[in-house]
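Enquirer: Given chain A, work out where chain B should sit, using these hints.
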Amino acid sequence: MLRFSTRRLLWAIPTLFGISILVFLLTSLIPEPAGPTSPDALLALDPAVFDALEDARRDRFLDLPRFVNEHPSDVRSRTEDALAHLEVDDEHALLASHTLARLGGAAFPYVLARVGQLPPDARTRVALALAPVGERMGVGTSTELRDPARAAAFWIRFWEDRSLDFTQPSVHRTVGRVMRHTSELRERDIVEVDTFALEEMMVALKDLRDKDAILHLSALAAHATGRTVDVPDEMSGALSGSQSPEQIMQIRDGWLSWWYVHKSDYVAFVGPERITAAVSETRYGKWLARAATGEVGVSPIDNRPIFDKLMAGARVTFSLTGLAMLASYLIALPLALISAWRHNKPVDRTLALVLFVLYSLPTFWVAEIFLRVMPEGSAGRIVWPAAALTVASLASLSRYQRTAMLEVLGLDYVRTARAKGVSEFRVLVMHALRNAMMPTVTLAGLQLPAFIGGAFIVEEIFAVPGLGYQSLRAVDGHDNAWLIATILLTAVVSTVGLIVSDLAYALLDPRVRELFLRREGAHA
Amino acid sequence: MSKDLAPPSSFDPVPATGGVRAALGRLRQSPFAFGGAIVLASFALMTLFADLLASDWPLVCHFRGATYVLPDVTHPPEVAAFNAARASGRLGPDDWAIRTPIPFGASEPSPGDALLPPLTRAHLLGTDSTGRDVLARVIHGTRTSFGAALCAVIAFLFVGSVLGALGGFLGGIIDGLVSRIIEISNAFPTMVLVLVVQALLPNPTRTTLFMAIALARWPEIARLVRAEVLVILSQDYVTAARALGASPWRLLMRHIVPNARAPIVVAAMFGIAQVVLIEASLSFLRVGVPPGVASWGEMLSELRDHAGAWWLLVVPGLAVFAVVSSLNLVGEALRDTLDPRLRV
Numbered sequence: 001m002l003r004f005s006t007r008r009l010l011w012a013i014p015t016l017f018g019i020s021i022l023v024f025l026l027t028s029l030i031p032e033p034a035g036p037t038s039p040d041a042l043l044a045l046d047p048a049v050f051d052a053l054e055d056a057r058r059d060r061f062l063d064l065p066r067f068v069n070e071h072p073s074d075v076r077s078r079t080e081d082a083l084a085h086l087e088v089d090d091e092h093a094l095l096a097s098h099t100l101a102r103l104g105g106a107a108f109p110y111v112l113a114r115v116g117q118l119p120p121d122a123r124t125r126v127a128l129a130l131a132p133v134g135e136r137m138g139v140g141t142s143t144e145l146r147d148p149a150r151a152a153a154f155w156i157r158f159w160e161d162r163s164l165d166f167t168q169p170s171v172h173r174t175v176g177r178v179m180r181h182t183s184e185l186r187e188r189d190i191v192e193v194d195t196f197a198l199e200e201m202m203v204a205l206k207d208l209r210d211k212d213a214i215l216h217l218s219a220l221a222a223h224a225t226g227r228t229v230d231v232p233d234e235m236s237g238a239l240s241g242s243q244s245p246e247q248i249m250q251i252r253d254g255w256l257s258w259w260y261v262h263k264s265d266y267v268a269f270v271g272p273e274r275i276t277a278a279v280s281e282t283r284y285g286k287w288l289a290r291a292a293t294g295e296v297g298v299s300p301i302d303n304r305p306i307f308d309k310l311m312a313g314a315r316v317t318f319s320l321t322g323l324a325m326l327a328s329y330l331i332a333l334p335l336a337l338i339s340a341w342r343h344n345k346p347v348d349r350t351l352a353l354v355l356f357v358l359y360s361l362p363t364f365w366v367a368e369i370f371l372r373v374m375p376e377g378s379a380g381r382i383v384w385p386a387a388a389l390t391v392a393s394l395a396s397l398s399r400y401q402r403t404a405m406l407e408v409l410g411l412d413y414v415r416t417a418r419a420k421g422v423s424e425f426r427v428l429v430m431h432a433l434r435n436a437m438m439p440t441v442t443l444a445g446l447q448l449p450a451f452i453g454g455a456f457i458v459e460e461i462f463a464v465p466g467l468g469y470q471s472l473r474a475v476d477g478h479d480n481a482w483l484i485a486t487i488l489l490t491a492v493v494s495t496v497g498l499i500v501s502d503l504a505y506a507l508l509d510p511r512v513r514e515l516f517l518r519r520e521g522a523h524a
Numbered sequence: 001m002s003k004d005l006a007p008p009s010s011f012d013p014v015p016a017t018g019g020v021r022a023a024l025g026r027l028r029q030s031p032f033a034f035g036g037a038i039v040l041a042s043f044a045l046m047t048l049f050a051d052l053l054a055s056d057w058p059l060v061c062h063f064r065g066a067t068y069v070l071p072d073v074t075h076p077p078e079v080a081a082f083n084a085a086r087a088s089g090r091l092g093p094d095d096w097a098i099r100t101p102i103p104f105g106a107s108e109p110s111p112g113d114a115l116l117p118p119l120t121r122a123h124l125l126g127t128d129s130t131g132r133d134v135l136a137r138v139i140h141g142t143r144t145s146f147g148a149a150l151c152a153v154i155a156f157l158f159v160g161s162v163l164g165a166l167g168g169f170l171g172g173i174i175d176g177l178v179s180r181i182i183e184i185s186n187a188f189p190t191m192v193l194v195l196v197v198q199a200l201l202p203n204p205t206r207t208t209l210f211m212a213i214a215l216a217r218w219p220e221i222a223r224l225v226r227a228e229v230l231v232i233l234s235q236d237y238v239t240a241a242r243a244l245g246a247s248p249w250r251l252l253m254r255h256i257v258p259n260a261r262a263p264i265v266v267a268a269m270f271g272i273a274q275v276v277l278i279e280a281s282l283s284f285l286r287v288g289v290p291p292g293v294a295s296w297g298e299m300l301s302e303l304r305d306h307a308g309a310w311w312l313l314v315v316p317g318l319a320v321f322a323v324v325s326s327l328n329l330v331g332e333a334l335r336d337t338l339d340p341r342l343r344v
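Residue numbers (the numbering used here), protein chains in the order written: chain A, 1 to 524; chain B, 1 to 344.
What the hints contain is simulated information worked out from the structure, not anything from laboratory work. Cβ coordinates follow ideal geometry from the N, Cα and C atoms, glycine included. No false leads were mixed into what you were given.
Ranges between beta-carbon positions, derived for each pair:
| # | chain 1 | residue 1 | chain 2 | residue 2 | range |
| --- | --- | --- | --- | --- | --- |
| 1 | B | ASP236 | A | GLY322 | 45 to 55 angstroms |
| 2 | A | PRO245 | B | ALA307 | 41 to 51 angstroms |
| 3 | A | ILE369 | B | ARG99 | 32 to 42 angstroms |
| 4 | B | THR239 | A | ALA504 | 31 to 41 angstroms |
| 5 | A | HIS478 | B | ARG180 | 28 to 38 angstroms |
| 6 | B | ARG180 | A | THR276 | 22 to 32 angstroms |
| 7 | B | HIS306 | A | LEU25 | 38 to 48 angstroms |
| 8 | B | GLY35 | A | VAL347 | 18 to 28 angstroms |
| 9 | A | PRO245 | B | CYS151 | 54 to 64 angstroms |
In silico contact screen, one side only, chain B against chain A (beta carbon under 10 angstroms); selected entries:
| # | residue |
| --- | --- |
| 10 | LEU195 |
| 11 | VAL197 |
| 12 | ILE278 |
| 13 | VAL287 |
| 14 | LEU300 |
| 15 | LEU303 |
| 16 | PHE321 |
| 17 | VAL324 |
| 18 | GLU332 |
The following block holds chain A by itself, in its conformation from the complex:
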């Protein structure tokens, strides 16, 4: 049994992997954010429009290749790329200076260390591109930063004085100090290293519970990145002190998911990261890692985290599914027993007819009838939807079980039992039903997707706020992230259900284990 279980569980890994790839491919169906794609058209855009478009694309990792990233870009390669364009002053130079301004302090170790080696006019262009960063950091005067004659000299001097601040240990200490006790002076220290402090700040944010500290860090990060926080409640780290704890947590999570998308702008890949980046810095890698941690974003419909909504919906849907499944079995098995007992008698024929009719009726039709006969005031309770789903799904199980029963009743050991004088009831229940039940019970795993699909319909008709009901709202509200999360969840749950039912079958029937381990094709 142990060998079988391990093998079965190992086989589930490629399946889950395949599911994730299929769902990932589904995300490609979502249209890309509208906007120009050629560099020329991009250059003509207002920087703010350009940034918004860029963010919309990057939120879905559209800037990354699908599966393999041969040249993952980090802050170093982005900076070097921008410097190269500025050096020859080609048509991308404008975009490059915009990029340098955005990367900010995090790029300094790669810009300022090299700026002295550039030819004088390129040096000036780079220095002027850094002017917005200097203003953000509050260093230098406006003439020092904006005057072409002085800018380059200013930045070279700046780097001579301050390069020690732009090291990991130094920033670590600075952020630690701000976390322990905030003061204007300590916050200035962070402002003066600009985006270079982001990594340390995000690491600190991750485990932070303290409300004030979160707001302070959020304000500092917003200052460095120019990110206006998109959660509507006067976020952007407004220190009004009026936010509820949930809003504070939303601010924190907003920053963390932003960091997840934009990390490579501010951090250089070192050591093994440079190798794994080929896989992790891809659309699929980023998407999968985010989906696996449940960080699936915020619903555009009601601004609630999709993960929380998903869990609430899943609770409803899966209790509905479980209830209906249980009830279907509890009804289908006795019905099959009666049919087999009174084979070809009027009872059996009537049952067969009723079940055939049920089998041919759409689930939603049955549910609509239930909705009409449901007594007043029972709306919102799960019993009626579950009953509708049960009745709609009962027929196939019962018909299947009846066939299995009749088959078993024709076997020799049943005849032996009868010949020995075992009572008919005992023959039916102890001999026939027990053996005929086994495959039907394990059918549960295969039936699960069908039951989930049925639950989607029933939920909508009875307005039960489960996954199906919410999904149809998501269709109306264009909440694509929800739809993707839902299909991933239902597929994974179905797979788990299948594994559980396979394990149960193998536990009940040793022949299945051998069959599986031998993998004998003829019995597929």
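Expert: Frame of chain A; chain B shown alone:
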């Protein structure tokens, strides 16, 4: 592996007996199945000739000195004025027309006639919320709910059979790959997959709907065909043919294809029934066919705004039931003749 643990119907299979032709011959002996076949045939005719049964346009008309046959099909520009002229009573004394049996189309709304119960003002089965004739819409809905479903099933039968047969016949890595794809696709609830695909597509149409359904259903067929091919390959006559030096191609065409054909036909019957139900359910939830396309499920969806209009529940509901139950009856009769072991 789920396919190894499939329900007993495929667990201990017996070879199919008799061909499709023999099965169809025996179908006559079962009155229910014969009735089902007749119902299916009439729906198929309805699909083909929907425009001749129910249309805003006349079958033949004489207008301003010329006679036009089937203007709905040929669309001569002169006839465009005919309906307007008739509606406003400005037809000349020589003008005449032979109308279709149901003189209404499926798409032209007439707000004045909204939600008429059956047998009022020439609307035999009433009208829907925008005043469209229910009977005409049921007839035209056949094209989506039955005709398009049929096409989808033929498409995924082909893909599923070819891939399943390849997997079973070639074995090895290809078989492993096919089995894995089947297992992966089986994990997705059909309803959810089709719903999500339709919702994510920028312009969902009727074609994409049925393509999505086919995408979700083909693994079922592939699984069945693969299992069937494996069973046939283990038969003695295949071993004998191999011993006689039959080439793989001959094996495939002479032994496997003829023997696997019958179970595929049975699966097709149940497959169409499934697709009809899925399409109806999705259109009922208004995520199936786009607005404006007549389909039974889309007609039933009007119920959700007009709960009192019982004929909107009954008429298209009965159409769905008639098609699905006929398909199930015919499918079961075929299965019983082809595979007597499973006879109930």
